[in-house]
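Required output: the full structure, derived from the provided sequences and hints.
Chain residues, written in single-letter form:
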Amino acid sequence: MEASITLKKIKEGFGNDVIEVDSPFQQDTVVIAPSALLPVATFLKEDPELQYNYLMDLTAVDYWKRKPRFEVVYHFLSVANSFRLRLKVPVAEPEPKVDSLTSLWPGANWYEREVYDMFGIQFTGHPDLRRILLYPEFEGHPLRKDYPIKRRQPLIGPKH
Amino acid sequence: MKAMEESTVLDAKVLELNMGPQHPSTHGVLRVKLKLDGERVVDAECIIGYLHRGVEKISENRSYIECVPYYDRTDYIAAVSNVYGFLLGVEAMMQIEVPKRAQYIRIMMTEFSRIASHLLWLATHAIDIGAMTVFLYCFREREEILKLFEALFGARLTTHAFRVGGLWKDLPPGFVEAARKFIDEFPERVDEYEQLLTKNRIWMARTQGIGVISGKEAIEWGLTGPVLRGSGVRHDVRKDRPYGGYEEFDFDVPVGENGDTYDRYLVRLEEMHQSRRIIQQVLDRLPDGPVRGKAPKIVKPPVGEYYSGIDGPRGELGYYIVSDGSAHPFRVRIRPPTFISLQVLRRLVKGHLMADVIAIIGTLDIVLGEVDR
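Chains A and B, in that order, are what the protein sequence lines are. Here my numbering is used: position 9 in the first sequence is 9, and no number is missing along the way. Here my numbering is used: position 96 in the second sequence is 96, and no number is missing along the way.
Among the clues, some could well be false.
Calculated cross-link-like contacts (lysine to aspartate or glutamate; reagent style DMTMM-like; alpha-carbon spacing at most 25 Å) [unchecked claim]:
(1) A/K9 - A/D99
(2) B/K33 - A/E137
(3) B/K216 - A/D99
(4) A/K65 - B/E60
(5) B/K350 - B/E45
(6) B/K294 - B/D170
(7) B/K216 - A/D47
(8) A/K145 - B/E66
(9) A/K145 - B/D324
(10) B/K350 - A/E95
(11) A/K88 - B/D324
(12) B/K216 - B/D170
(13) B/K100 - B/D240
(14) A/K45 - A/D17
(15) A/K67 - B/E143
(16) B/K35 - B/E217
(17) A/K67 - B/E56
(18) B/K33 - B/E143
(19) A/K65 - B/E56
(20) A/K88 - A/D22
(21) B/K181 - B/E143
(22) A/K88 - B/E220
(23) B/K100 - B/E150
(24) B/K216 - A/E49
(25) A/K150 - B/D324
(26) B/K100 - B/D252
(27) A/K67 - A/E93
(28) B/K169 - B/E143
(29) A/K45 - B/E220
(30) B/K300 - A/D22
(31) A/K150 - B/E60
(32) B/K239 - A/E49
(33) B/K297 - B/D324
(34) B/K57 - A/D17
(35) B/K57 - A/E93
(36) B/K300 - B/E66
(37) A/K65 - A/E95
Computed from the model, here is a short list of chain B residues facing chain A with C-beta under 8 Å [what the hints assert, rightly or not]:
(38) M93
(39) E97
(40) V233
Keep in mind the hints are simulated off the structure, nothing from the lab. Backbone N, C-alpha and C fix where the C-beta goes; we use that ideal spot for every residue, glycine too.
Here it is as structure tokens:
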């Protein structure tokens, strides 16, 4: 039931930007073009019927042999309806970049910093895009598939 | 301590003070850079990552079964429920059926782990604020739960509780009686904590009106679990999307009104009572039968992705699993509830006193192993 409402509404409103719609394992999934991310997210949040007011998760996956290489994955929740939706945005190399959702959800801040830290994906409009779990001198982005798991980096001591 | 630019320490208006990373009240290795005007907090910045072990990267290089013990060690205070979330995802992808008895035992142990986790939270939160006795009382009860864990799982902390398709082995002899004894005595014990704290004037002064966040704001910041429910939002995955058999049990989801530290304390206390109710029902209705379903020796979920979220003691713990059809996960993303709640610290402490920072860190119930992963 719920699958049809959300997916239908997105297809109606953003038909040209929707790349794929699917519900694997009964989990609604929509793939949209990166340019449509902010309008779609705003629509999901503000539509009175859907009310996806909760950004549950934000992460990325590195499909390194595919083109476009990255996929930024958003999980939304509507607290009122208890709907859930997975929104995916393909992001291409060489300069992976996607709009930031911090203007809609302040909580997106650390999620996006983590994705930047681990994958090197830039978020346009993010107020403070820095590494979060790793230290500034760290080279590379460890969750990329071409980052070797056994690579060592020098230990940086405290500076002050 | 470092004074701001163009001033000496003596005439500086704003002082920068490092709290942590090695400070007991930061519950691990959290470093908070505080900007203080006298005792008032002007700004705070969290610096995390001291405990980062790259669990998500490690997962990509291990088989599904080998991954499980690593998730024990993310949130080490509630290791049982961590494993539960991941296994539910894998089982849903592979359509493995878990026998009823195993489902019931899983729920019972998850609720025990919630009680143990809340007890540890209450103990440390109270001792941070200055109530020493509660600490000793809580550890007395937690010890009993850890003994139950040891009897069933063979370990107290890093339990590696569940297996794909059910449990490793059935309950040992005497377990049900011991569990029953614990839950029969437990309400009295909670009353003891309440006597010490709930109407205690010092406790109330230290927690009421501290770190207030409204329900709407809590949603926008992505808070989950008791922190969200303390602000009056009735959201619980166990009710919204019952998983693993929760729909068969009767329990309430407590919510607060004011969204302050005191309300979150009350919510967590009530959650312990509700967990006890669930365990009582499990023990009363525990069915017979096998504890492990038919699961293949090599776990290979079909190509696809799955998000499995459970309500852990600290909030929604999600596992986003991407499978490429091989025996190793292509990607596992852990949605850590406390990573998200920690970022609201900056918003909560502004304008409060230095001592309240300790209370607010305590009320968020962070576990740095999970924040940093």
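Where does the structure disagree with the numbered hints, that is, which hint numbers, in rising order?
10, 12, 15, 18, 34, 39
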